[in-house]
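Enquirer: Protein sequences appear in the order of chains Y and L.
First residue of the first sequence? That's 1 in the numbering used here, and the numbers climb one at a time after it.
First residue of the second sequence? That's 400 in the numbering used here, and the numbers climb one at a time after it.
These are calculated hints, taken from the structure and not from any lab test.
Please note that the accuracy of each hint is not assured.
The calculated DSS-like cross-link candidates involving lysine-lysine, where the alpha carbons are at most 25 Å apart (straight line), are [unchecked claim]:
{"hint": "1", "chain 1": "L", "residue 1": "K657", "chain 2": "Y", "residue 2": "K168"}
{"hint": "2", "chain 1": "Y", "residue 1": "K168", "chain 2": "L", "residue 2": "K428"}
{"hint": "3", "chain 1": "Y", "residue 1": "K259", "chain 2": "L", "residue 2": "K529"}
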Amino acid sequence: MNIYLNKKENAAAGAVALDDLFLTKDMPTTGGSKMLDGYMSLFDAEIVSGLAAAGYEIGGKVNIGEFSIDLMGESSYYGACEKDGKLAYAASEALSEGAGAVMCLDVNGTPRRAAALYGKVFVKPTYGTVSRYGTIAVACSGETVGVMADTAAKCGEVLSAVAGHDDKDGTSLSEAECAKIKNGAEFRKITKIAVAKSICESADDAVKAKLAKFREVMGANGVEFTEVDDTVLALAKTAWNVCMSAELCNNVSRLDGVKYGYRTKNYKTIEELYTNSRTEAFGDLLKTAILFGSDALSTENYMKVYDKSLRIRRVVSERLQEIFADFDAVLMPACGKDSYTMADVKADKYMAFKEALYTAPASLTGMPAVVVGGVQLIGAAFSDQALLDAAAAFEKEAK
Amino acid sequence: MKKYETVIGLEVHIELATESKIFCSCSAKFGGEQNDHVCPACCGMPGMLPIVNKHVVDLGMTAGLMLNCDINRVTTFDKKSYYYPDLPCSYQTTQWFSPVAVNGYVPIETSKGKKNIRIKQIHMEEDAGKLVHDDWTDTTLVDFNRTSVPLCEIVSQPDLSSAEEVVAYLEQLRSRLRFAKVSGCRMEQGSMRCDVNLSVREEGSDKLGVRTEMKNMNSISAITRAIEYETARHIDALENGTEELVQETRRWDDIKGKSYAMRNKETAGDYRYFPDPNIMPIVIDDEWFDRIKGTLPELPEVKKERYISELSLSEYDAEQLTQSRALCDCFEAAYEECGQAKEVANWLISDCMNILNKKQMIADDLTIGGKALGQLIKLVLDGKVQRGNGKKILSAMFDEDITDVEQYAKDNNFIVSNDTGAIEAVIKAVVAEDTRSVADYKSGKEKALQALFGKCMRQLKGNCDPQVLRTMLIDIVNKS
């Protein structure tokens, strides 16, 4: 199993691991891509300094799928993580092997899916509360730095260490806003949860059982559940796939073989250098996303596809605001199935795009989401601590 | 032959006069060793995020207001994708959807009279790097010093119809933008360059002809020649069917005096513009808008009229001064200090410009303080410093920062002495020593007095009223 791409052998138990989209000066940062194999950054990601300042030790870098847009890390240049014939995920495996927490850039919901499948807790905080300075940019308008850990309390603790305003990130919110998601901030307890009806129904029986368990446990704890119309929330999937692919296509265009990273040996002209370097270094899923994104931004399709996706983004945000006027959170799965195999992915290469049904609403709108007990709670902006508190309540009652 | 008219629109790139680059804190200075002014951000390394330099937006707004534009109170940055080795991110961050300024105009005057040239929009963007070819090893290397240096592009409507109008328009732009300190607009350093879009149609027709574009023109004479060449080529094609005109980008070869079609490959492509998600829309509130509006200078032509009507300067002097904001600022401050407009104009136009020329600098490079210049002129006019010594002090002002001119004159013995005792002592010593000149003078040679006068003046280091010296000298010589 390819859990760690770089492991500090002398790191203490409980050290924090990073997924390989966070730049580090003392270890290579590859983004799981052949293109950046061995790439050494000149600087550390902001959260690396934040963790150090809070006294956390960095235990190493864990494997991810190429730029973390895939289903479960299976597109990594360094090989998929498989366990008992199923796809496992490096970050959750690292936790099982003793890491205290793993920092994951939630690009396309991969760490949320993994947490749901392998019984971990993951927090994807409110967009703009944790600096993205020093993360390899993939889908900037939605990706957020999140924390995976064994418990909600640990997620909250590590999140508090890395949240905060950063002048080096133009989308970073003010210090006062960032403080709202840290430990110790006041919040309204979650008592009313909206259930995303059709999205929940689309999942398989095993996932439905997890949803039922969550409702049962939290219901006994006095939380009210109400099914709501989620037609608009289901639109987030396609809009997110468009936004993510378009931004990704643009962000990875700097990986051209000229300045750093992989360069083909097979070229005579600059065009051949570009084309052959990228053809040889990029994986199939990434190439698919690049083509999809490039097409969405073309003059012919911009209004029909990209601009429309931005409009859907607004409509989905508005629908969520409407729900949050009456409810404290929305319940939905983080993935549609109870397990995935390499064969599943080979049979359907668009699976990661399809599974965005569950992860896109939070990615597209920047709302915080917490995965616990195999299900996902999405909250209003800055309700991160309330979501983690509900997750902690579930952990306690479910024991 | 039918009558034809030329329709020209210009895209002018101006380099904005900021200290640092548009999205990082690297120096934006011209020159430097190759790849000296670079950081991970402007080299396109992973992980860096763009932070907009606010001063760039200030200058973009200033440019807009100087060219009578409306300012978009919400302005955005967008990404333009294309692959070229001098573009490290493989996209240029520019403004596509909501540029900083739109719908302006610039008045011009040519032999055909006055006319307004409409401005479609002004947008801010980053410059690309520079490819350096090494013939020795047959490799091409990239210099990223220019990458992310802030530019603004001024797009005109196709309102221009001749090389003369184009030159007048460019000179208006240059004068206004230099006055507002938006840019040095130096074509020879590449801080002003333009793309010329040109087509030809039958006079009176409302349909535009086939348009060709000539990119990166960087001198007025090349622009003039290129427009004349292209116009003739288009008319020849229409009139004589010498070739079929196609919409294309052409390269102007100023040495051969011809334009050439560029390979289609270099110009084709879809730029796939989209809003940069890492740069939040910039909201220009009233406070910001008013602050920039408050810093706008009086237009050069308005200043010129005021110098003539209020300060009684000659047309020539007013014209010379208003060539440069630095000259005007210095002139106005010096005038406020000494109250003598004509005198200040003379010092600036002849003396200061001479010194600058010797240093191979231009009027915009003038750094001496206007207040200090005013003090100096006052000292000279009051007879406290002899004029020749005043010029020496002026020269020193270009090399060191002199704020208290009177103190400087005292410290360096440039103050005219009123001490007649001291003058008398010097005269007596000179007269006693140069007995021959004294004898010559007494025998009627007027010139000999001049020699004595010169010797005295030198010993007094010029710090003496010449009238006083002359009277005393004659008196003493006659008595000797």
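Enquirer: The structure should be examined with respect to each hint, and the outcome stated for every one.
Expert: Now the hints, each set against the structure:
no.	hint	verdict
1	K657/L to K168/Y	48 Å, violated
2	K168/Y to K428/L	23 Å, holds
3	K259/Y to K529/L	14 Å, holds
Taken one by one, the earlier hints fail for this structure only at number 1.
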